[in-house]
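**Q** If you want the building blocks of each chain, they are given just below.
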Amino acid sequence: MDTKEIILDVKNLNTTFVSDRKEVRIVKNVSFQVKRGTALAVVGESGCGKSVTMNSIMRFLGKNAKIEADSIQYNALRDGKVTEYHLEQIKNPNGPEMRALRGPDMSMVFQDPMSSLNPVYKVGDQVAEGLIQHTGMKKKEAREKVLEMFRKLGIPDPEERIDCYPHQFSGGMKQRVVIAIAMICNPELIICDEPTTALDVTIQAQIMELLKDLQVKEGKSIVLITHNMGLVAEMADEVCVMYMGRVVEFGSLEDVFDRTSHPYTKALLRSVPVLGLADGQKLETIPGSTPNPANLKPGCEFADRCPECTAACREKDIPTFEISPGHRVRCLKYKNFPEVE
Amino acid sequence: MSNTTTTSIKAQNKSASSSLLKKNIRKFLNNKLAVFGLIVVVFMTLACIAGAIFQVDYATPNLTSMKAAPDSAHWFGTDTIGRDLYARVLFGGCYSILIGVFCAVLSSVIGAVLGAIAGYFGGKVDAVIVRISEVFQAFPQLVLVMMLVAILNKRGLGNLLFIFVVTGWMTTFRMVRNEFMSLKGETYVKVCEAFGMKRSNIMFNQILPNVMSPIIVSTTTNVAFFILQEASLSFIGLGVADSTPTWGNILNAAKSVSVVTNQWWIWVFPGLAISLFVLAINFLGDGLRDVLDPKQQ
Amino acid sequence: MLKFILKKLLMMIPMLLVISIIVFFGLQATGIDPINFMVSPEVLSANADNVEALRESLGLNDPLIVQYFRWLGNLLHGDFGYAFDGTSIASTLAVRMPYTFELAGYSLILSAVIGIGIGIISAIRQNGIIDYVGRVLAVLGQAVPQFLVGIILIQIFSIKLGWFPAANRVSPGATNQFLDAFQHLFLPVTTLTIGMVAVLMRYARNTMLDVLNSDYIKTARSKGIPEWKVYLKHGFRNAMKPVLVILMFRIPTLIGGSVVVESVFSYPGIGMTMTNAIVANDYNVVMVTTLIIAATMLICSFMVDVLNAIMDPRVRLGE
Amino acid sequence: MKKVLALVLAAAMAFSMVACGGNSNSASSGTASGSTANTVSTADGTLKLVLSTTDGSSTDDKVPTPWMNRTLPTNLMFRSLFLADSTLTSVTPDLAESYDISEDGLTYTIALKDGLKWSDGEALTADDVLWSIDAALGTTQVNSIYTSAFKKIASKSSEGNVITLTLSEPYSAMIDVLAQFAILPKHSLESVDLMKLDSDTTFWQNPVTSGYYMVDEFNVGNYFTMVPNPNYEGTPAKIEKVTVSYVNDYLTAAQSGIADYLYGNATDLVQAMQSMSNYTATPVDVLFYKYFIFNMSGVDGKQNEAMQNVEVRKAIMEAIDRTTLATLYPSANVLNSGVPNSNEAYNGFEYKFDAEKAKADIQASGYDMSRPIRICYYNNDQTSIDLINTIAFYLEQAGLKVETTLSNDGTTDLFTNRNYDIGFKGKSSFSMDEWYSEYLSTDALFANIFGGDTSFDAAIAAYSAATTEEEKTAALKTLQELEQEKVYKVPLFTVGTYVFTSSNVKIPEGVTFCNPLYSCDLNFANWEVA
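Here the protein sequences come in this chain order: G, Y, E and U.
Quick note: the first sequence, position 305, residue 305 per our numbering, numbers continuous.
Adding 341 to a residue's 1-based position in the second sequence gives its number in our numbering.
Adding 638 to a residue's 1-based position in the third sequence gives its number in our numbering.
Adding 957 to a residue's 1-based position in the fourth sequence gives its number in our numbering.
Quick caveat, the hints were computed from the structure, so don't treat them as lab data.
Cβ coordinates follow ideal geometry from the N, Cα and C atoms, glycine included.
Wrong hints could be hidden among the right ones.
[What the hints assert, rightly or not] DMTMM-like, lysine to aspartate or glutamate: derived pairs with alpha carbons at most 25 angstroms apart: (1) Lys122/G / Asp848/E; (2) Lys22/G / Asp631/Y; (3) Lys525/Y / Asp112/G; (4) Lys879/E / Asp769/E; (5) Lys465/Y / Asp769/E.
[Unchecked claim] A partial selection of chain E residues facing chain G, derived with a Cβ cut-off under 7 angstroms: (6) Lys645; (7) Thr857; (8) His872.
Given the sequences, and given the hints that come with them, work out the whole structure.
**A** Right, dumping it as structure tokens:
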């Protein structure tokens, strides 16, 4: 596909953690693309590796994480020209190459706004810091920019709030500040790691609207990590479903929600509470629990919990099949379809 | 049916806790320094106790063979009045380790109880106990000890133990209090309260076990601290009376400059004994911290 | 902020009162009769009447509570009383306190700089060489009794090498005051620092590790700022607060340590004064020195509180 | 792990470097301290002295009073009427021009030199002498040799430069005592409360002196320096400057090169000093008694029941092997009374060491064996601690329980709280006279310990009055017998003292050192510093 269309292309990403002298592979052969100007939702249960995947791409993991990939390609579009960056080749996770990208090109909104802000600095300064770093702007100019951003993000009384400290903010306001930090350098790609889990439901909606607005109006690309299927339905253009460190289903929102193919995705969708659940209708849960990533059996990781499991499922690694253009499923049910990398 | 599930849950719990224990032990064994510490501590303690049980002769002076260098009869040589230093270091170890362990454990107990009370009840009780601890904290411990020695005007072992315990509980107290402050807001405590459990039960049976690991770690390091403190006090002449050998007392010979330069064995062996034991205890404490405190990986 | 400082200052007053009560009544409990030390036994038995008059004039026959308030009143007027041998305690302290503050102060600064410095480097380069060596040295520094360190240093640097004097704070006829001070302070300050550095190093390392694992460090990195800024601006500043607290908690240990170190190095500070006073049962001196040390501790902890407030807006803005 | 072990080993080597180094190279340690003197000390031509702050004799904020001990620093500042020789019993005039003793030994006429001046220019007169004698009787910190001698002065007067002292009874040692007694300036001190005479820092940090030197600079806690006294009427000393540093430990001071002269009797000090090639060790003949004093009863009637039985006291002496104990000191001589065994007046009695007999005797005496014997001692040096520990061991062998306590003062503690049975003391005695005068029923201190027993009084008076050797010997024999019968205080041994001088100091030929706590003629004017 055209590098103008694809902003981020990940092929065969593997992330391994070394702990207690053992290596545990958390992310396995993950491949996906993010199209420019769209929103990709990465969904899955807690611990399925969604956050690790994104943090691997941004290189925010500690020294005990080993990241390998065939390719992590980021395509920057500047003045109609595309510059390719091969992130997998950058050695130092916090070196100048990575740093130059963080902020003006790719940025990240973290899960917990409560702890994502440095408690000892004024929020305005924290937002301005990246701007000053990348543009060499004067403090005063930067302040104007920050005020502008605060207004855009709907922070009331920005002139006053800009000189406040994080502990004087509510959770929702803090998350707006975190988003401001992510947005201030006008990046192309924003990775939002469960940005609303820690917030009240009403605030959640506001924040999500804000993000959607940004994506649509300013043509940003967003990767949204969540386990909230409702949000996915509202926000995403494409959906990537992960289970036990693998992408089990990838496709457009319609592919995944309306033509749900993988048994796990089906189970996941069934377990979403719907407002006005009919009397006597039970909310379904997925039987069993996620296996321990440290000692996995061969074959499909979902086999033990899968109602459609066959003996073949437990034999060897399952390849991915493309059941319609752009809709890929990792399940032997579709072995008649063409295999893809 | 319900029976079987309970047993299975119990069994699960059991296996889970035993696997946790196994994991912790494995983690501990992987920490070479901690294992080294444990071995040294156990070995030295056993050696000292064995010395005490077999009643090695640490007290008989022999002025004809005083200041004798180490040989096959006296492994560590003899001291300034010809007593066998090996026996003295063993016996002194008993007293020093006793002082360290006794004071560390008792001061931890006092600190934990007061910390639990202050942290759990909060309010005025907390304010009063915190003030008391601050008053104690305002005195340098050595100064407080010196003052108490002046008041009691005796240099017995009992007095020293008393003084160390009275002056040593504040750090544990602070730690336990802070933990209790945050833990008492936890749901499980609220649940216990809602069940109408006795407060003492909630404090000591429900909350305290969660704070045990930092207490254990700080107790370990306190053992080392008190042993060193005793040595310091002995040095300025306010420690245990000379008739009771402690490592500090024996090391006191290093006050004499000519002993330092001419009879190295008189101070090097007790000095090494203290340092090695303290080193080992600290390694052990660090190891325990790594195992027990999940935050410190 | 002003309110905060005032509140903290006001809280020191009852603390000091309680401490003075403990010190006064505690030492009265020793049952030492100062007359025995002030008057020679010969005079004691010869002129019982005069002695009684002296006792009366010193107010030793008044009830304890009266004596306490008189003592306290005198202290507030700057009258620290007299040692049993008749020297004015105020003049003794005027000379010795600066010496001890010098010793403890330099050790504090030095150990803070070295300990926190190495601790933070250890945390940043976790499991690197500095980390490893630092950790082992820290444990070793804690394991050797302080007086033994002092004695060994004297043996090596004063006697064998002859680089530094082994006693006193000032040499007779020293022409270069700075050099003289450096020579006399070097060994005792080193001795005190070795013990202090160990604790600070360990603590600073652990705190910095905690801080570096926190989310806002990730946020800082996501802005693409250079690593040194991440460490110093975001990491260090936040790690400083708990380290400062532990630094404050170590000050008593430092003063206690200086008691031992002063005695090893014949250093004429209040530690020596106090040791001598205790051995001589001179409780007038013990009372005042203990009180002064305690007051110093309170002031230190007050200053740490203020510093904390300056550094942490959550404290400053009253949360 | 290996790194750790390596570091531990390195630390151990640092330990041993200190330890072994000193063991092997006593010669090189000499050169090392020589170089120390270069780096640490300042100007040449300076005599460097030290004062100890840990033996209780001086504090580091004033010049020590010359009325307790006459150590070298004070001898260089204060003079007496006479100057003793190294035996301390033969004198030459110093402040005095001449003296005369009446036939009956009761009237002393002493003429002062003309034109004597204090360092501040005031005249030194007979008034100063008379005031000093009065003051010594009224102040607290004063050696008992002065008070017991001056108490015998019934009247004193002066006429111009001539002082007349009339005694109530003959006292043969009066001139010797006066040779030690430093005269202090009346004009500077008469307004000072006698109780605080020795602690008046305004005077003692810059005293008005009569000797070679006066204080130039006093640095509290560290040192004082002395420069020649311009008003000294004799030949000025060749040494231009003297520094006196306050230290905790003489040996460290010597090794680090800040002491040209020091003294001591502790084994470790003596051995270490003897091994330093740049110091000369001179043994000095002194009467330094190490002795026990049994806490009996006070004039106030308070008794210590446990020690009343003389058999217990004797048995305690039998339980201790003093000959072996004496090996703790570089040169100690066992003795059995105040009279050294080598003295011809010694009566031959001996406390024999016999552990078995002692055990039996104590049991026979009916002593409650469960009651611990409490010993207090006040010297905190390693040798004293070793000695006490060994004594405790001997007593335990005899079946007794023992508690030993480091106390602040070996004498007053005995009677202020009767917590102790035995005091262990050291006394650098001026003469045997000083030893025996403690038995006087009128002795203010010991009356509280021996209950004011009058049985010694007559014999002591006879000894004080004795003028011929025969009379003295006879009196001493009587005293020894009394002493050995009563067993109130028992000497273990006398210990020899050493004076050490560094090679920096050139001491003129023919100088004999005396007891370093007393004053004698050292020909100091001709001392030189290299």
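**Q** Hint by hint, note whether the structure agrees.
**A** Evaluation of the provided hints:
1. Of the supplied pair hints, the one linking Lys122/G and Asp848/E holds, its CA atoms being roughly 22 angstroms apart against a limit of 25 angstroms.
2. The straight-line distance between the Cα atoms of Lys22/G and Asp631/Y is roughly 17 angstroms, inside the 25 angstroms bound, and the hint therefore holds.
3. For the hint linking Lys525/Y to Asp112/G, the alpha-carbon distance of about 23 angstroms falls within 25 angstroms, and the restraint holds.
4. Between Lys879/E and Asp769/E the CA atoms are separated by roughly 21 angstroms; this keeps the pair inside 25 angstroms, and the hint holds.
5. Annotation: proposed proximity of Lys465/Y to Asp769/E is violated, straight-line Cα distance about 44 angstroms (limit 25 angstroms).
6. Contact between Lys645/E and chain G, as hinted, is not supported at the beta carbon level, the nearest pair being about 20 angstroms apart and thus beyond 7 angstroms.
7. A hinted interface residue such as Thr857/E counts as satisfied when its beta carbon comes closer than 7 angstroms to some beta carbon of chain G; here the least separation is about 5 angstroms, so the hint holds.
8. Interface restraint check for His872/E: the shortest CB-CB distance to chain G comes to about 5 angstroms, inside 7 angstroms, so the restraint holds.
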